[in-house]
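Participant: Letter by letter, the chains look like this.
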Amino acid sequence: MALNQEELLRSPAVWQPRSIEEAIGMKEEWGSAAVYTAGSTLLRTQWEAGTAAMPRHLIDLGSIASLSGIREEEGAIAIGPMTTLTDCRSSGLLAEHAPLLVDAVRNIAGWSVRNLATLGGNVVYRVGDAVPALIALNAKLEWHDGSRLLFESAEEWASSSYAVPRLLTSIRIPCEEDDPTSNTKRFFAFHKVGRREAFTPSLVTVAIQGEAEEDGTLTKLRIAAGGGQTTPVRMTRAEELLLGAKPDGAGLQQAFEAVLEQYEPRTDPFATDLYRKRTAANLVVAALWSQSPSNASKG
Amino acid sequence: MLNRASSGSRWRERPDGRGKVTGELAYLTDRYAEGSLIGRILRSPHPFARIKSIDTEAAKAVPGVLAVLTHEDVPGVNRFGIVIQDQPVLCEDVVRYVGDAVAAVAAETDEAAERALGLIRVEYEVYETISSPEEALRPDGRKLHPDGNVLKHIQYSKGDVEEAFGRCAHIVEQTYKTPRQMHVYMETEGGLFVPEPDGRLTVYSPTQHGLKDRVQIANILAVPEENIRVLSSPIGGSFGGKDELNVQPYGALLAQRTGRPVRIHNSRAESVRAGIKRHPMTIRMKTGIDSAGRILAHKVSVLADTGAYATLGGEVLTNALENSLGCYVYENLEIEGKSVFTNNGVSGEFRGFGANQAIFALEGQMDRLAELSGIDPWKLRGINLRKENDPGAYGQEIYPTDGARQVWRAVLASSLKQEESRNRQDVIPDKPWIKTGYGSAIAMMGTGLGKGIPDPGGGRISLAPDGQIEVAFSYEEFGQGLLAALELMLIEHFGLFEEDLRLVIGDTDRVPESGSSTAARTTTMMWLALGKLVPEFKGKLFDAARERARLPSGQLTLGQGGIRLEDGTPVCTFAELAASGEPIVCEMSTAFPESPNGDFANRFLFVQAGTAVRVEVNELTGRVRLLDQYHAVAGGPVANPQGFLGQIEGASGMALGFTLTENAVMKDGRYAFGNLDAYLIPTIVDQSKSMRVEAIEEVPEGDPYGPRGIGEIGSVTLAPAIAQAIWNATGVRVSELPVDPALLQKSPQYLQEAVQPK
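Sequence lines, in order, name chains A and B.
The first sequence begins at 1 in this note's numbering and counts up one residue at a time.
The second sequence begins at 1 in this note's numbering and counts up one residue at a time.
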């Protein structure tokens, strides 16, 4: 059907800049009348729900080649923010160096959404399920503000609030070379709990990455928890309790209580605070219990 | 087991299968007409309010707006409802829920319609929302309707329960609560409304009973019924949700007013807001057994939240009460139920029709009594099962059925039940927080509308001018597989050939009254009608063939494409026969079989189901997964194996949502969600990886009723079976649905124990 004049005037203009600089220039010119778009899957649901208005200008980042792809560079895996979740899920590089992120991505939305949605979009959403995984992986984000590059950790990003127009240009996950003389073992866990088994909004999302000595002593540990509209944060108190220790029953109980205390979920009509807290704490403790040598062997 | 392999050549591709799977099939809401207008409805923003004034002047002045209608513009009856017409088409003075329609707009574009809606000024005096049946029953509460807030109150008793409780060895008293479930059909409500040059109005809009819609629309428009033609199939799902009128009155009024085609199609958000839901029920039961396990006394009290208008709320309550007795025999009974008006949307018809709620409670009682008495739960059911010639729940005469015993035995013999007796709890050593358990449940459900409710049936078979044999019913195809079942029945039981058939449904100009496609009644009704029609039709064909070929009296047979002699020699083709003489038509009307006695809405013809499940509970998260399920269904001869299996699988999927994920949460009369990103139906990942269905086809000798309707029974036994499995896994009793994971969550003491060296 042909659009009439009025409809044409009300439809947003879609711009397809060819470079990062051009994209940022557009955003600077139009300000809040323009929105960057990646896969547009989240924006679409916000427009439909009426929680965001359709802007006058959509700046589609899909034509900027440098924003896509997964590469190994300088001791890190660099992921272009426009890389789709499906491409992240099927990436051999990520499967090898950051299986935690692959697990996270697999749990986001459904197939058709993951084919369009991008990792960058999920990061910029801030409460996306990839963010706890990126925090646990100690990922760095690279931004461009029009004149220079800015760097911050995924953890800093999650807890910050920014207003300056800037564009996410790269997501970097450090690759640590395995030390052949070391007996430490790396472990990770990702859990997303929703109200059904797939294609579900998250109630609680937990991501853990760590290393343990052969005897179970934890030498490295990063725990992040988010879910729903809860901004993902590190569970630093539990980390402090556990680092350098071989967690036993009492230790795990303390860690459980530390997560219960530190994790502050945002509620909605579908689950209580207490349920979310207990779920996060249970999942953290169970993951640590599972990696302990005496329990892992039971399988 | 019923599956593709066991069905052999009876496993057939559905006539509507390919179009639906590929998406090629156009639904009625996909239709456009040249010059069609957009219809939109202004709905109440308040759950309960008095309308002080409505001003449509500014809206009418919007360019591109052709009509803005209020209650003053309804030429006929400003009410609708399948049984009780109490719902205003356009509200005059009071709005009773957030979906209540206040005005309707027809415009050239979406934007003009949207702007007009925004410019309609309605002044309200907001009333306090009545957001629960308990509030509605307060004596000082505001009345939603002139006769008060009780839509229906039913009481029935037999013997003396109080005296009998005194003699019981074990008594369980428990309150059960069930959710407001949404149908979630893929195709939301909508339609195209076309004024024809001859002055008639054609309505292309999904419904479960086109002729009923025709009556209601004619009354609203104040035109003769014959002036309306309703085309109503194919339908992108209904499950009871499109039986009542939804957008049809507005489309029809706007088309009548503007003289132009009007198209309305609800967004999902509007469908959530305006559409009917399953009745949330609070069911209190007190049940007592003697030391041998026999039920001496059973007391039931049901409180149903029927929302703002009647629709089929009274009938749902009736069926819930009948099902609160299941397939057991009771010495003493006292049952009582109220369906109560509130400002919580509108509750109405939904697959299972009140049985889902009642069976969850009743089977919960049996499992709790088993625990208390130490009798095996399945054995306890066996002790109390009705026998083949026992009367119905209310003492009414019913058609003899041993289905309850048959499905009970089948479940007992099932591999899941065997597995349960061997292996009560699996433990996974490296995941001690995963607990598994088994549960099972049984139900018996009436088909048809019930004693005293008009339940017409009938059909027509005719030879069309082009030589096709047309078989016409007023039923609808909303995905349940009606066409496939009808086709197979005609081929297998009545000896017709697929190539010669044309099935006609869903068009009020072309079908006779066969009643509504509801209450698991259509399969039986088609069988009964065809049993009379086909022999009569064949006789007429043979007479005409003999006359045409000047044959003496003698045996003829029906072959593909035409009539033959007994030895197979062709006599004439159907096309030749159609061209040669008088039209050949057979039509009949009948009614669904009902009990000769009994006093209210009780059923006569029953189906039964028994279900066994295995579930897994994750105590870290409290989440429940259904791992395996088995269903035995006694529904008479299987009309169409693929359709039968599809019905049980689909119904079980809906029941899984009812049990674990679905609840149309409302707060103060408003939905807490607007779309399917927050209202969660199960996906394929939530379904059990294994599911077996066994059809028990045995019926009493000389049975005249043929295949029974099994479209609903598959949705009623899963919830109690899962609840029992959860108890077996965790020791926690669930009495409220959907299951709250928080109840099943354990704190991590066991991790401590498990981590200690043993």
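These aren't lab readings, by the way, just hints derived from the structure by calculation.
Treat the hints with care, since some could be wrong.
To be verified - One side of the interface only, derived from the structure: several residues of chain B facing chain A at Cβ under 10 Å: (1) Pro234; (2) Gly237; (3) Ser373; (4) Leu660; (5) Asn663; (6) Gly674; (7) Pro682; (8) Ser735; (9) Pro738; (10) Lys746; (11) Gln749.
Said to hold, decoys possible - Here are the computed lysine-lysine pairs in the BS3-like style, where the Cα-Cα straight-line distance is at most 27 Å: (12) Lys177(B) x Lys220(A); (13) Lys177(B) x Lys538(B); (14) Lys431(B) x Lys277(A); (15) Lys431(B) x Lys246(A); (16) Lys277(A) x Lys746(B); (17) Lys246(A) x Lys746(B).
Yeah, the Cβ is synthetic: ideal placement off N, Cα and C, and Gly gets one too.
Participant: Take the hints in turn and mark each one as holding or not.
Facilitator: Evaluation of the provided hints:
1. Annotation: Pro234(B) was flagged as interfacial toward chain A, and the flag is violated, the nearest CB pair being 24 Å apart, outside 10 Å.
2. Annotation: interface hint on Gly237(B) violated; nearest CB of chain A at approximately 19 Å, more than 10 Å.
3. A distance limit of 10 Å between C-beta atoms decides the matter here; for Ser373(B) the minimum to chain A is near 34 Å, and the interface restraint is violated.
4. Proximity of Leu660(B) to chain A holds as hinted, the smallest CB-CB distance being about 8 Å (cut-off 10 Å).
5. Residue-level restraint check for Asn663(B) holds (minimum Cβ-Cβ distance to chain A is 9 Å; threshold 10 Å).
6. Proximity of Gly674(B) to chain A holds as hinted, the smallest CB-CB distance being about 6 Å (cut-off 10 Å).
7. Residue-level restraint check for Pro682(B) holds (minimum Cβ-Cβ distance to chain A is 6 Å; threshold 10 Å).
8. The beta carbon of Ser735(B) comes no nearer than 18 Å to any beta carbon in chain A, farther than 10 Å, and the hint placing it at the interface is violated.
9. A distance limit of 10 Å between C-beta atoms decides the matter here; for Pro738(B) the minimum to chain A is near 9 Å, and the interface restraint holds.
10. This hint holds: Lys746(B) has a C-beta 8 Å from the nearest C-beta of chain A, less than the 10 Å allowed.
11. Among the interface hints, the one on Gln749(B) holds; its C-beta lies about 8 Å from the nearest C-beta in chain A, closer than the 10 Å criterion.
12. With a CA separation close to 48 Å, the supplied pair Lys177(B) and Lys220(A) exceeds the 27 Å bound.
13. A distance of roughly 54 Å separates the Cα atoms of Lys177(B) and Lys538(B); the hinted pair therefore is violated under the 27 Å criterion.
14. Note on Lys431(B) and Lys277(A): the hinted pairing holds, with a Cα-Cα distance of about 20 Å set against a maximum of 27 Å.
15. The hinted pair formed by Lys431(B) and Lys246(A) meets the criterion: a straight-line CA distance of about 20 Å does not exceed 27 Å.
16. Restraint check for Lys277(A) and Lys746(B): satisfied, since their Cα atoms lie roughly 12 Å apart, inside the 27 Å limit.
17. Only pairs whose Cα atoms come within 27 Å are accepted, and Lys246(A) paired with Lys746(B) is accepted, the gap being roughly 23 Å.
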